[in-house]
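Student: In the order they appear, the protein sequences are chains A and B.
Heads up: the first sequence runs through residues 1 to 394, numbered per UniProt numbering.
Heads up: the second sequence runs through residues 1 to 394, numbered per UniProt numbering.
Wrong hints could be hidden among the right ones.
To be verified - List of simulated lysine-lysine pairs, DSSO-like, C-alpha gap at most 27 Å:
1. B/K59 <-> A/K59
2. B/K351 <-> A/K59
3. A/K46 <-> B/K59
I should point out that these hints are in silico values taken from the structure, not numbers from a laboratory.
Number of protein chains: 2
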Amino acid sequence: MSKSTHLAHRIQNLQPSAIRELLKHSKMPGVISLAGGIPSQELFDKEGLAQATQMVVDKNFNDAFQYGLTEGNVELRQQLVGLCRERGITTNPDQLLITSGSQQALDLLIRALANPGDVFVVERPTYLATLQILSLTEARVQSVGGDEHGMIVDELEALLKTTRIKCVYLVPTFGNPSGTTLSAERREKLVKLAIEHDFIIIEDDPYGAISFTEERQKTLFQVAAEMGNHENVVYTSTFSKILAPGLRVGWVILPEWMKQKVAIVKQATDLHANSFSQSLVAAYLTLGRLNPQIALIRDVYKQKCLSLSRYLQEELGEHISFNQPQGGMFLWAQFRYEFDTTKWLQQTLEKGVVYVPGEFFFSDNADKKTLRFSYATATEEQLYEAVQRLKSAL
Amino acid sequence: MSKSTHLAHRIQNLQPSAIRELLKHSKMPGVISLAGGIPSQELFDKEGLAQATQMVVDKNFNDAFQYGLTEGNVELRQQLVGLCRERGITTNPDQLLITSGSQQALDLLIRALANPGDVFVVERPTYLATLQILSLTEARVQSVGGDEHGMIVDELEALLKTTRIKCVYLVPTFGNPSGTTLSAERREKLVKLAIEHDFIIIEDDPYGAISFTEERQKTLFQVAAEMGNHENVVYTSTFSKILAPGLRVGWVILPEWMKQKVAIVKQATDLHANSFSQSLVAAYLTLGRLNPQIALIRDVYKQKCLSLSRYLQEELGEHISFNQPQGGMFLWAQFRYEFDTTKWLQQTLEKGVVYVPGEFFFSDNADKKTLRFSYATATEEQLYEAVQRLKSAL
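Turn these sequences into a full structure, and let the hints guide you.
Tutor: What follows is the structure in structure tokens.
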């Protein structure tokens, strides 16, 4: 019997997930993966995490194993207020909702916002899992181009002349996959447009803390707050890249008008985030180890990024170009001539190296000569070897 | 500015969640809660859970803190094959997907299945969070009545004469809220109808292991398998009621044709279930402590259930009637005369006791004289006192 009629039509046309396939490849013996946005587990703060785990078992046992509040562990939300303050964000525990990683924050927000036909705008290229979430809704997706200063906000402004926009989704700092950071000027303009045209900005900020320099852009949330606006920007971040992704702890700062709606979706989805993880992160934050841990991650990723950039420049510079990332986990590159990086993957795999082909990061007008490298997981030696293998696959 | 246009229309008309309000009440000092389906934390296997946690930190550190597979921890899925076998279910790790509690299994399944206009059938009464999930889709919900033998399958058969049904959702064993168990005869008939009319059965089984007798009904999954059918029944269960809900670990057994679709939704939703919790449960299962733990829960809940039943019968028997539960966590009762249990809640709250008014468990034709008591959390003394307070509120 054919089961095709049993499937939600919204997921009918999805292609098999590239990431899933790549993860399989990247676990093959001898293959060097520059694909996943996976933190280097050599950098896990084993001592601090073990200590926090012990604290939970000793002092917070019942909270950690029992049902909790939909909005999340109160102690963790209080701690997060301080962490947000370090990022220039003024908030309070009541505005926060703890999510199962920031991936879930995106899913909850989009489910709470997307009515059939609503226009969601993404960057070109953008985070592919957000495209997956959007494909499960009946929203319409439009895209706006980017350059080395992030989303081209003038293009968005032009689009607004003809189109009512519900929501703009972006990773404004050390973007995934682009690695770029939205300039101060564009941040201001984007927020002004959001206020003027009353659309929501989802500011996805998993990487902002992983800066390779001392330069900091204000979050869009802060830019809006400084304009007196507390309704149009929704900020989300996560402990996945700065502490440990397996804990699945992220958070979202919700405008007053969205709080109850998102809580209702959260409750329907999985009741609340993992109690044990939340207690564990709350305990960890009391140890004062997070900032040294982030400093370590910044140093190590910066070195790896510099190395990968150098090898690519030296060995493949005549074939590909890229902007030097100033933070985050990704180096976004493009061939200097027409090229299909999806097809090429088969060849590089044979040589023992994988990346993510660029086309999966586009909602439309995919640029097939682009590709994303992550330098987070591989060792220095592997980065060197990976580039050699890429070269040999040309 | 009005933000109402920003909200997904599907959540526009949801009432504030009754459960959320009740949880607030039930935490007021002195209030005895018979409301939530919350396991008694006095029954948590502290020693075993602490031991398993230590095993994870010592032996599985990287798996516990790193990203994992969308389908879930391989070791846990292997263990679950054995656990399912004890429930009469033959499966293999490839058919299993680990979810963030069985709540998420329901959300994933409904999202993967529900096209606009599709008919989902629930019991009357049914689990209220499933109604919440359905209200976030554009599926149509219809209901079929129940009696002391569970869903009245003849009513479903009658409905099938006029209506194409996509999916039937039910808690066939120690139902929430009804406490009833679907009879063997109806199980067989329901599965036959599913095969004949090609609809999906979602078999939600969080309580099946918590039986107060040695009697066992076959799962619908098993009934179908014995008819040679492996496509129409989706089985989901959880560790929330037998181990610890804060871990948010549930699982679903997927027919071949649904595996990839559900995995795609899972990935978009939160990438994968909490790695730490999955490692912890897998470690716990190696200790051989789960079955003694379940035996303890069965004994304690049985005693509490008998006590609550006796007090209700003795003190309120002229006002309310109920069927004696044979397992699970809930006693479903109804007034013997017209009565509004939602309004009454205000009065019982003043006397210091809360329950869940029955009307929230109905998709339509709510029976306002019904109410749900949970005996799982309160002590024996509290159960006695609670009934006295209920009486004084009449």
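Student: Against each hint, give a clear statement of whether it holds in the structure.
Tutor: Against the structure, the hints come out as follows:
1. At most 27 Å may separate the alpha-carbon atoms for a hinted pair to count; B/K59 and A/K59 meet this at roughly 23 Å.
2. Pair hint B/K351 plus A/K59 does not hold up; C-alpha atoms about 33 Å apart against a cutoff of 27 Å.
3. Our distance criterion of 27 Å between C-alpha atoms is met by A/K46 and B/K59, whose separation comes to about 12 Å.
Figure legend: structure checked against the earlier numbered hints; the only hint not met is number 2.
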